[in-house]
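Based on these hints, arrange chain Y on the given structure of chain H.
Here are the chains, one letter per residue:
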Amino acid sequence: MNIGESVNLYRAYYCLDCGVCTGSCPVSRVLPTFSPRLVVEKAMLELGDELLGDRDLWSCLTCGRCYQRCPTNINFPEFMRNLREEAAKRGLSPTLTHHGMLQSVMEFQAAGVRQKKTDWAREAGKIADTGEVFYFVGCMPYFSVIFRDIGVDSLSIGRSVIKILNAAGITPVVSDEEACCGHDMLWNGNPETFKKLAAKNIELIRSSGAKKVVFSCPEGYYTFKHHYPLYFGELGFEAVHFYDYIEKMIGEGALKLSDGARAYTYHDPCRLGRMAKIYESPRAILHSLAGDRFREMERNRENSVCCGTTGWANCSSCSKQIQAERLREAKATGAKTLVTACPKCQIHLSCALSSMEDMDLEIKDLTTLISESMR
Amino acid sequence: MRKKARYVNEDLCTGCGSCAEKCPTPAVDTFNTGIGQRKAIYKYFAQGIPSVFTIDAPSCRQLGQGKKCGVCAKTCQAKAIDFEQKDRMVEIEAGAIVMATGYDVFDPSVIPEYGYGRIKNVVTALEFERLLSASGPTAGHLDRPSELTLEKEIEETGKEVRKLSARIKQLEEKQGKTSDEVISQVKAGASDEPLVEWAKQAESLAEMQAALAAMNRKMAAATTAKKLAFIQCVGSRDFRFNRYCSSYCCMHSVKEAMIANEHDREVHSSIFCMDLRAVGRGFEEYKLRGGQQANIEYIRGRVAEITEDEAKNPVVWFESTTERHVKSEVFDMVVLAAACVPSAGTARLAQLAGVELDTNGFVKTDPLMPLATTRPGIFVCGCAQGPMDIPESVAQASSAAACAAEAVIGAQITLKATA
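Heads up: the sequence lines are chains H and Y, in that order. Okay, so the first sequence: first residue is 1 according to the numbering used here, each after it adds one. Okay, so the second sequence: first residue is 376 according to the numbering used here, each after it adds one.
Chain H on its own, in the form it takes in the complex (with noise of 0.2 Å):
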């Protein structure tokens, strides 16, 4: 799609260059040069090779603070992964983070490689190759391993997911064929990829005959429920996260957690909030577990900002402003916790705390908090 036809479909033409989506933006505070209301207008004023050959289009964050509060409903986000998609075309790229090593596990298991990912899973519970319930577990068996040296164990949260369901008499399917859901690729300019990696995926849940697909990671939950959809159509089973899950199980009283007296405060993600609209039933879970001790951060909900980067691409010292200035806010409720909801701002939250002495914070994932509350 041409910027002419990405103008058409999002109705950029409607912008008001009012300069709230650039107000919003949590780059723009930090990168003067970046500047969503000008991407727009530079579209508009058809200056393509400008616009795509510029570096900062890879700067977005995709967080969605923009378009959450455009008047005129501009959907920046997507806007923006139609450019990158054109970007990629004449062989522009993102600068990759972990010198590529995430995508190139991406692009493997989009060649089909074997993968053998599922031993933690039978170590933290029962799980089936066929059944109603199909966890789809993401990309933590490889974070588990690559960011180890800072301290964050990715797969806790899929240990968690497992000991739960099991608790409440499901046992997931858990394969070692599943793939990549394709977030990164797609938001990276590279659509087919992405598309490769779904179709396995679609074709592996249909043939596992689950109905229901959890999921605790954000972004697998809204590619998923938004993306696929888009590209293949009507899937044939249905994508739940696992908050929206077990809050039910702690309604019903299926789920006990006990109270562990410390004081929470809690990180919304961009693809479970803004994206997938989820803000309460995490709420909910924390609250059932801490009461008046959980705090909102000023930020929260809509309002939230997103951990720094996004596609392991383009982490620089915006991203690390970012972050450092999220945990301050964290620090100022007075919690001792912030707790997260989505693997990657665990890691990039994590990441930018090393690196503050003098932060007496912790982090950790709302799902490992569960589990470890659990009567």
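Read the hints as simulated data drawn from the structure, not as lab findings. Hints may contain errors.
Pair by pair, the computed Cβ-Cβ distance ranges are [said to hold, decoys possible]:
| id | chain 1 | residue 1 | chain 2 | residue 2 | range |
| --- | --- | --- | --- | --- | --- |
| 1 | Y | Asp-482 | H | Phe-108 | 45 to 55 Å |
| 2 | Y | Gly-752 | H | Ala-284 | 49 to 59 Å |
| 3 | H | Phe-108 | Y | Gly-492 | 48 to 58 Å |
| 4 | Y | Ser-540 | H | Ala-168 | 35 to 45 Å |
Built from N, CA and C at the ideal position, the CB exists for glycine as well.
Same frame as chain H, now just chain Y:
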């Protein structure tokens, strides 16, 4: 039509106001947008017509709370108070109807990024109007809502402190001991129940006194608002809420900023807008005069977000689109130019009257017949038809009355009112 009971005989009431003066029951002042209080017997606003008082039944001690009172009835020399009055259904046969049901102010609390309702010193233009009014709850001084709340807290805490210290003083006199002695006795291990309770109360008194002193210090350091931000297009020209322009807000923001500056020359106002729509004779000149003489700065940029700092000051985040720069600025108070929306009853009324509404929910009219609704004989004027300012509403009102007269003139009509 239901004519609601006002519990005051309209034919007898002279509007003197001695009832409200003597009424012992305070109630929330709705005309002053909930800032400040009025009495349970009240007149909605000073210039209201007819100039007749009304009892706010749910707030009234006698009508609402079932207690004995009747102070107003005793005070009223005209004997106008009638606690037995009931709502009446009135049937009117009319040859023409003019719908002049006005508008509601958009509720900005649904916009998460502006923090209205959460950040105390973010107010709507209508609330600001009351704060600025000489007959309003602050007599026209720009006291900030955060300080008004603090004032209330000080009053309440003060009351508690006086009550508790009187109780403790009584104990001290009776027992011939000081509270300090009791506290040290308890600390030393005395477990006598009344003593423990006494010590507990004495300690909480000390805590409350310290809190009160802190609040008083804060209050003493507070000044009236000097630095104001006006935010345009709140809930209008916004696809999420209302697509239309509310048309009058640009001018009322300039007006409010001008009056604030006339009241206190130190007041500086920033008006944030996409374009300041000063359309009308003399409006553009008025806007310019505001910039030249009333310390008003016009900033091109729609406000993205409002946060709050430790001193309860709102912090406004925006992109100055002329400078292409994202900024944050601390203000004493932020005024939201909230949109004009159809009044809550418009849809129901339109259904009853059999008239159509436009896509925005206002009463539909034809551009060439701006006062005629879709049903002959029914006319509309003012903000029931769409957002408009006072002069336009007044002009429409006269025209609509003329249209209605034209419809019935020469016809034999009877105006019957049955009780």
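Hints versus structure:
The hinted window of 45 to 55 Å between Y:Asp-482 and H:Phe-108 holds, with their beta carbons roughly 53 Å apart. For the pair Y:Gly-752 and H:Ala-284, the supplied restraint of 49 to 59 Å holds, since their beta-carbon distance comes to about 54 Å. Checked against the hint of 48 to 58 Å, the C-beta distance between H:Phe-108 and Y:Gly-492 comes to roughly 51 Å, which is consistent with it. The given range of 35 to 45 Å is broken by Y:Ser-540 and H:Ala-168, whose C-beta atoms sit roughly 57 Å from each other.
The structure fails to meet hint 4 from the earlier list, while all remaining hints are met.
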